[in-house]
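Model the full structure from these sequences, guided by the hints.
Note that the working numbering has the sequence shown beginning at 37, numbered continuously upward.
The hints are simulated quantities; they were obtained by calculation from the structure and are not laboratory data. Be aware that one or more of the hints could be misleading.
[To be verified] SDA-like cross-link-like pairs, simulated, lysine to any residue; straight-line CA separation at most 20 angstroms:
{"no.": "1", "residue 1": "Lys153", "residue 2": "Ile109"}
{"no.": "2", "residue 1": "Lys288", "residue 2": "Glu256"}
{"no.": "3", "residue 1": "Lys277", "residue 2": "Ser213"}
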Amino acid sequence: EVGAGDVDEIERLLDDGASLGYVGKSYDSCLPPGPIHDISSGRYDLIPRQNRYPLQTPLIVALLSGQIEMVAILLHKGADVNQVVQDKNKHEGLSARALHYCRGTRQYSGNYLNTIKMLVEYGADVAAADADLRLISIAEFYNARWDIIDYLRSRGARIDGFDPKANGPQCLMGSISNTTSMRRLIGLGADVNGLTDMGVYPLSWAVSRNRVEVVRILLEAGAIPNQIDCRSLTPLAYTSKHKNSKMIDLLKSYGAK
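Shown next, in the form of structure tokens:
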């Protein structure tokens with residue numbers, strides 16, 4: 037078994053013809069077999085248990101484990117940064133594009149932005165959807181990574197774009213608790229009256245989570261207070277769960293019934 041730090045050995049294996057496009061399976065905390073996977077990871081415990089993405093390429097494994105030096109080597113040797121793998125049994129069309137998996141590097145490396153820049157320089161598609169069917173630029177709103185968002189926008193990522201599930205930025209608007217992030221998201225063009233993939237409006241989503249300030253921002257930005265969602269519920273109906281008087285008064289002040 038070759039350790040993650042054995043750069044010379046991984047380069048030798050690649051020069052000897054080891055496959056950069058090999059797709060292996062990973063379940064629980066075990067990595068798929070093959071020398072490239074062993075080298076790229078080094079620390080098996082970094083792979084999440086009950087992995088949602090059982091199909092992994094050497095580049096993906098290196099990214100998940102935060103082995104940025106190995107990522108650079110694999111890219112330099114020709115790894116496909118936009119490779120898509122398919123599991124005909126359970127995950128038809130599953131995306132394994134490296135740009136979306138590089139989020140795993142944040143826990144193990146302080147060079148998250150630099151890693152993204154490296155992937156983009158090698159051709160990563162900033163407009164592609166990941167396995168969660170979210171645009172990479174939208175997903176970064178969860179963590180208020182404006183450096184990432186601004187960089188991706190400068191390379192063509194659309195904040196007002198929609199992914200294959202018809203989710204725009206509004207799918208996150210009711211989930212974000214950071215009011216600064218919320219205001220900036222709206223300022224970049226997010227539709228405050230757009231449905232999420234679950235058929236719930238951002239306003240109802242925020243009300244159900246008892247986020248008064250987020251609800252206030254949405255209402256100020258033009259959210260319709262009496263929208264009926266796929267559950268036949270209005271935003272005011274969602275207050276029955278927590279019965280927050282401030283929330284109820286706020287909604288009613290905008291005409292909610």
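Hint numbers the structure violates, sorted upward?
none
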